[in-house]
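Sequence lines, in order, name chains G and L.
If you're matching positions, the first sequence starts at 1 in this note's numbering and goes up one per residue.
If you're matching positions, the second sequence starts at 287 in this note's numbering and goes up one per residue.
Hints are supplied without guarantee of correctness; some may be wrong.
[Claimed, not checked] For lysine-lysine, the following DSBU-like pairs were computed, each having C-alpha atoms within a straight-line distance of at most 35 angstroms:
hint	chain 1	residue 1	chain 2	residue 2
1	G	LYS212	L	LYS584
2	L	LYS398	L	LYS338
3	L	LYS339	L	LYS584
4	G	LYS121	G	LYS184
5	L	LYS308	G	LYS212
6	G	LYS212	L	LYS372
[Said to hold, decoys possible] Now the stretches of chain G that chain L is said to cover, found in silico as 3 or more residues with beta-carbon under 8 angstroms:
hint	region
7	8-16
8	25-32
9	140-149
10	157-164
11	208-216
12	249-255
Hint data in this document are derived by calculation from the structure and do not stem from the laboratory.
Since the structure is predicted, the reported quantities are computational estimates derived from the model, not experimental observations.
For every residue, glycine included, the Cβ atom is placed at its ideal position computed from N, Cα and C.
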Amino acid sequence: MRYAQIVIGPAGSGKSTYCTEMQRHAETSRRNIHIVNLDPAAESFEYKPSIDIRDLIHVDDAMEDEEMHFGPNGALVFCMEFLLENLPWLENQLGEDDDDYFIFDCPGQIELYTHLNVMKKLLEALELWNFRLCAVFILDSHFMINASSFISASMAALSAMTTLEVTFISILSKIDLLSKKSKKQLERFLEPDVKDICANDTAVVNSKWNQKHQMLTEMIGRVLEDYSLIKFAPLNITDEDNLANILFMVDNCMQFGEDRDIKMAEFDAPDEEDEDNDDGYEEGRG
Amino acid sequence: MATAEDPEKKAEIDQPLLERHKKPVCLIVLGMAGSGKTTFVQQLTGLLHMKKKAPYVINLDPACREVPYPVNIDIRDTVNYKEVMKQYSLGPNGGIVTSLNLFATKFDQVIKLIEKKSENTEIAIFDTPGQIEVFTWSASGSIISETLGALFPTVVVYVIDTVRSVSPVTFMSNMLYACSILYKLRLPFIIVMNKIDVVSHKFALEWMKDFEMFEEAVERDKSHHANLSRSLSLTLDEFYKDITTVGFSAVTGEGFEEFLAAVDAAVVEYETEYCPEHDRLLKLQAEARTKDKDRQKKKFQHDFDNDVQAQSVSSATSEILLRNRAIGGESSSDDEEHEGRPGDDDDEEDRVGQKSFHNFLEEQKKKQQSKSNKPS
Numbered sequence: 001m002r003y004a005q006i007v008i009g010p011a012g013s014g015k016s017t018y019c020t021e022m023q024r025h026a027e028t029s030r031r032n033i034h035i036v037n038l039d040p041a042a043e044s045f046e047y048k049p050s051i052d053i054r055d056l057i058h059v060d061d062a063m064e065d066e067e068m069h070f071g072p073n074g075a076l077v078f079c080m081e082f083l084l085e086n087l088p089w090l091e092n093q094l095g096e097d098d099d100d101y102f103i104f105d106c107p108g109q110i111e112l113y114t115h116l117n118v119m120k121k122l123l124e125a126l127e128l129w130n131f132r133l134c135a136v137f138i139l140d141s142h143f144m145i146n147a148s149s150f151i152s153a154s155m156a157a158l159s160a161m162t163t164l165e166v167t168f169i170s171i172l173s174k175i176d177l178l179s180k181k182s183k184k185q186l187e188r189f190l191e192p193d194v195k196d197i198c199a200n201d202t203a204v205v206n207s208k209w210n211q212k213h214q215m216l217t218e219m220i221g222r223v224l225e226d227y228s229l230i231k232f233a234p235l236n237i238t239d240e241d242n243l244a245n246i247l248f249m250v251d252n253c254m255q256f257g258e259d260r261d262i263k264m265a266e267f268d269a270p271d272e273e274d275e276d277n278d279d280g281y282e283e284g285r286g
Numbered sequence: 287m288a289t290a291e292d293p294e295k296k297a298e299i300d301q302p303l304l305e306r307h308k309k310p311v312c313l314i315v316l317g318m319a320g321s322g323k324t325t326f327v328q329q330l331t332g333l334l335h336m337k338k339k340a341p342y343v344i345n346l347d348p349a350c351r352e353v354p355y356p357v358n359i360d361i362r363d364t365v366n367y368k369e370v371m372k373q374y375s376l377g378p379n380g381g382i383v384t385s386l387n388l389f390a391t392k393f394d395q396v397i398k399l400i401e402k403k404s405e406n407t408e409i410a411i412f413d414t415p416g417q418i419e420v421f422t423w424s425a426s427g428s429i430i431s432e433t434l435g436a437l438f439p440t441v442v443v444y445v446i447d448t449v450r451s452v453s454p455v456t457f458m459s460n461m462l463y464a465c466s467i468l469y470k471l472r473l474p475f476i477i478v479m480n481k482i483d484v485v486s487h488k489f490a491l492e493w494m495k496d497f498e499m500f501e502e503a504v505e506r507d508k509s510h511h512a513n514l515s516r517s518l519s520l521t522l523d524e525f526y527k528d529i530t531t532v533g534f535s536a537v538t539g540e541g542f543e544e545f546l547a548a549v550d551a552a553v554v555e556y557e558t559e560y561c562p563e564h565d566r567l568l569k570l571q572a573e574a575r576t577k578d579k580d581r582q583k584k585k586f587q588h589d590f591d592n593d594v595q596a597q598s599v600s601s602a603t604s605e606i607l608l609r610n611r612a613i614g615g616e617s618s619s620d621d622e623e624h625e626g627r628p629g630d631d632d633d634e635e636d637r638v639g640q641k642s643f644h645n646f647l648e649e650q651k652k653k654q655q656s657k658s659n660k661p662s
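Just chain L, same shape as in the assembly (with noise of 0.2 angstroms):
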């Protein structure tokens, strides 16, 4: 008996990641407004052309004029911005994350739109709006990259303007942003210097690779609190080591070779570090160890994610109020949207996913009852 389960166990174990292997990796293009992420996206997605692996192409910016890339899932056709900031009276601001919260509503059929091109698909591309912090500092960005990376191979790509961060202060402050991203988001995690058709990003290898010759880089550039400027240089070696840093020009398509290369080596990360946790953990909740049960559960919390995020949209006037509602303020559910992957400890989302469970199971029993009932 034993030796008969072994293989069954090992094929249960590595049935997850051989799924996940044929589903497309997700890339989150994030980065601060003008550091070239749209066009980063052009040219990523035309050279992918070239290499016959076209991209599935997603634009979540709702206030961008136009899209210089064949998109497949564009904000704009869900969300109309400017109505949105008619109607809730927002600024500008205000409508891009109303207008994120309300598409992350819909994210569920995203989701299905991407699996269902799983079998041609190796690639996913997110253009992210272009405040950063729309996204970085929002429910529904962190409901996007928390539901991409429980699903997909998910990859966080950060992109610097080169040109700009020649300034040591201004390449240190870039780098404490990159690192609070890193943690917000707890995904592989890539740094594009972008624009390196005008300035060679050698200089950031260099600072990267020794921290003394940064830190007097930065202390020449500016006098107040050298013990820090240390410190944090120590510090952000210790970041580096933790990502991956890639040069690249969006105008000549330099860097494209070593960026793809890049991209493995990060599902490679997330295969290894991040999918066996999370199987691991569905494992622990599921009452049941078949992989259909284990679906079913996700796309009922998924799904039921979705329709606590419909309610608390619904009604709110401001944008300040809806991310309220939508984490949870008095409700019950509180905070459970930033807790982690769906499938986390959480017992609100236990109780109703295993009571679907449940009835499912009273059904089985009642159909085999009357089965047995019948006369023969």
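Bound-form chain G, shown alone (with noise of 0.2 angstroms):
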């Protein structure tokens, strides 16, 4: 049984980042995590991929390709679509060692989650090749402001998951540029009572759009709470112990298998043997 993080994110929400502080922090516990680089377009990024789609194909080959004229997106997801063809190398690549560790950096454009099954085959593939999988879907914790923004994200992230069908954690980076004003209000949105959130939206602009979409804002929120969808895990990637939790986390989703709801009373007993501890998610950033 192997395992894979599948990280998923818009651009620029700090994937590679933290693909990053992950590897480095696990190497503090004598695990060893391999990363493996699955964005074509890819610049540079800080940490050592194990593999890399790079060596198999480049988002300039395709759009340097004069037959094809591809922009971007259409170099994008043809190299993504090159490596559906090419899994035979993937599978070579990530070797065959039992209980090996990956965390998959993946693109950020959201069609490959969602109309495009690219992602999907992917994964699909991943686990007939006996992984265990837990996707890890990060966002800007600066976009995290009022419930509004709260229920967006959590649709975007609900999007994604609906089509990847794997267990799904979902996570607010750069806790650590927040001010002490944001962290404060991101407070609420760790809570899990996404109904009182809902309810007290306290922007005073825009009341009438709330009452508009009143009906759908309560049904969104029932959803959220009852299936204990979306719960966002802060990450500062300069807290050692955050990193920690978090590893936690998705290590538990995965032994847990696909189709078990994340249960948040399982981290009671960690935190409270240690005061100092600084997770931030059973009781809010102190």
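Using the supplied hints, reconstruct the complex from the two chains, each of which is provided in its own coordinate frame.
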């Protein structure tokens, strides 16, 4: 059995940084995490990938091709489809060692997770090769400022979740870059009471808009709540405990299999023991 | 006195609405890469030209190779995408986001140009970058949509590839994402099911009308999470009530009239639901109730926003840094640009706005005093 985190999210949300920090953090606990770069358009990153799609194909190859006239999007899609046609290459690169742990740094384009089933096919192949998977959806925490944007973010994550059909964790990145005021505001959205969030949106502007869409907001709130669907974990890459907790969360997801919803109660034990634990997940940030 | 004031007040309340009526409706065309946005804009522009209602077209995609329609403002004239990538050592994604950021700092000029054309333009069309998240999950995207929404009747047009959406799971995923955009931009929303010359969108309309039919289709398609699918189908059912859907073919032009009707309805929605709210807030904040002072404050805040934006853009070397600084990070202007339209509940901008108004008053006072002090 092998394990893989699939890191997805919009451009600039901090995927590559997450990969770098996770690998570095894992090394401190003597764990070996391999990073796979799946973004054929990536320029540079701080981690050294064990496997790099650019060894197989690069967007420049696709864009420079005289016959095809690809723009950046077309080139990306072409590269991903090329990868799918050359799965044996990937299988070969991944090797066969049991208990290997990988993190896949994926391209940001949402199209790959919605109406193009490129990513879905890739995940299916991984599962065939005896991998347990967990998707890690990363969003920039600067976007989490009110109930509307919280719902927007949740729906975007749900949209990807629907096609990928694997266990899912959502993360708010760049907490370390937030101002104090923003951090305080953020705490509301880390608390699980989604219905409360939706009901108490204090945005004065467009209260008519809120009224008009109230039914929809309530229904969304209910679905998110009932299925414990989207809980955002804060990510502060400068905080080792935080990184440890997230790794723990993802590890748990993969051991429990794909059908279980993420249950937060399981993390009570570690939190109580450690007073200085600043994971900000259960209690909110101090 | 009371009766004399009322017609005045009424004129005051009606004025902003009348003003906006003269302004062009701004269509922000969004959609996944490959959904046919640009072809849609091309077809729409052509059809409007034929109706003698030539639109004002703005291209916001810095990475496109060519623009197949007559464009009035092209981001590529202001920002060189390849240069940006080179200068900041960015990949294609970062290049597009940064280009859009840079363009957003000059957006007030775009506004001025559109306002100048108000007299003879009914519709302004904004073609957005191929990657949708570059617009929806970026500071510049928010700034552009919020600025437009505050000044013109603005409508979001979300283009969907009908052909690819025949799969129920893909359809659901697409609709969930559309919902995400609705909550992000908070503007009247029209879904355009494109490519109906290839596949009719009737199936989509049926799914939207009858959620049980849709739910059955989803369950046949995938076996996981049956309960979840049901709840999501119900939720989407509610979503469909809040939006308008039209079928369209960017190739044949089928659906054009229906689309125009949807735009008209959206403008009414904008004016009845967004404008009164916005005007009410402006009145609450402005000290005096004259139109001139509102405009001055709006313009000042607008310029102020852009100054903050320009400062933050000038120093970054990566798109991540750019975005953080633009949004505020450590500075006092936390999340201002996201909190809604200019003219919002906002200490910093209030103080600055009031300060300029205060100065204006002081100057007026001084003028009055110097007049009265003149020897007769």
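Now for the hints, and whether the structure bears them out:
no.: 1; hint: LYS212/G - LYS584/L; in the structure: holds, 26 angstroms
no.: 2; hint: LYS398/L - LYS338/L; in the structure: holds, 23 angstroms
no.: 3; hint: LYS339/L - LYS584/L; in the structure: holds, 29 angstroms
no.: 4; hint: LYS121/G - LYS184/G; in the structure: violated, 40 angstroms
no.: 5; hint: LYS308/L - LYS212/G; in the structure: holds, 26 angstroms
no.: 6; hint: LYS212/G - LYS372/L; in the structure: violated, 46 angstroms
no.: 7; hint: 8-16; in the structure: holds (count 5)
no.: 8; hint: 25-32; in the structure: violated (count 0)
no.: 9; hint: 140-149; in the structure: holds (count 7)
no.: 10; hint: 157-164; in the structure: holds (count 5)
no.: 11; hint: 208-216; in the structure: holds (count 6)
no.: 12; hint: 249-255; in the structure: violated (count 0)
In summary, the structure is inconsistent with hints 4, 6, 8 and 12 from the numbered list given earlier, while agreeing with the others.
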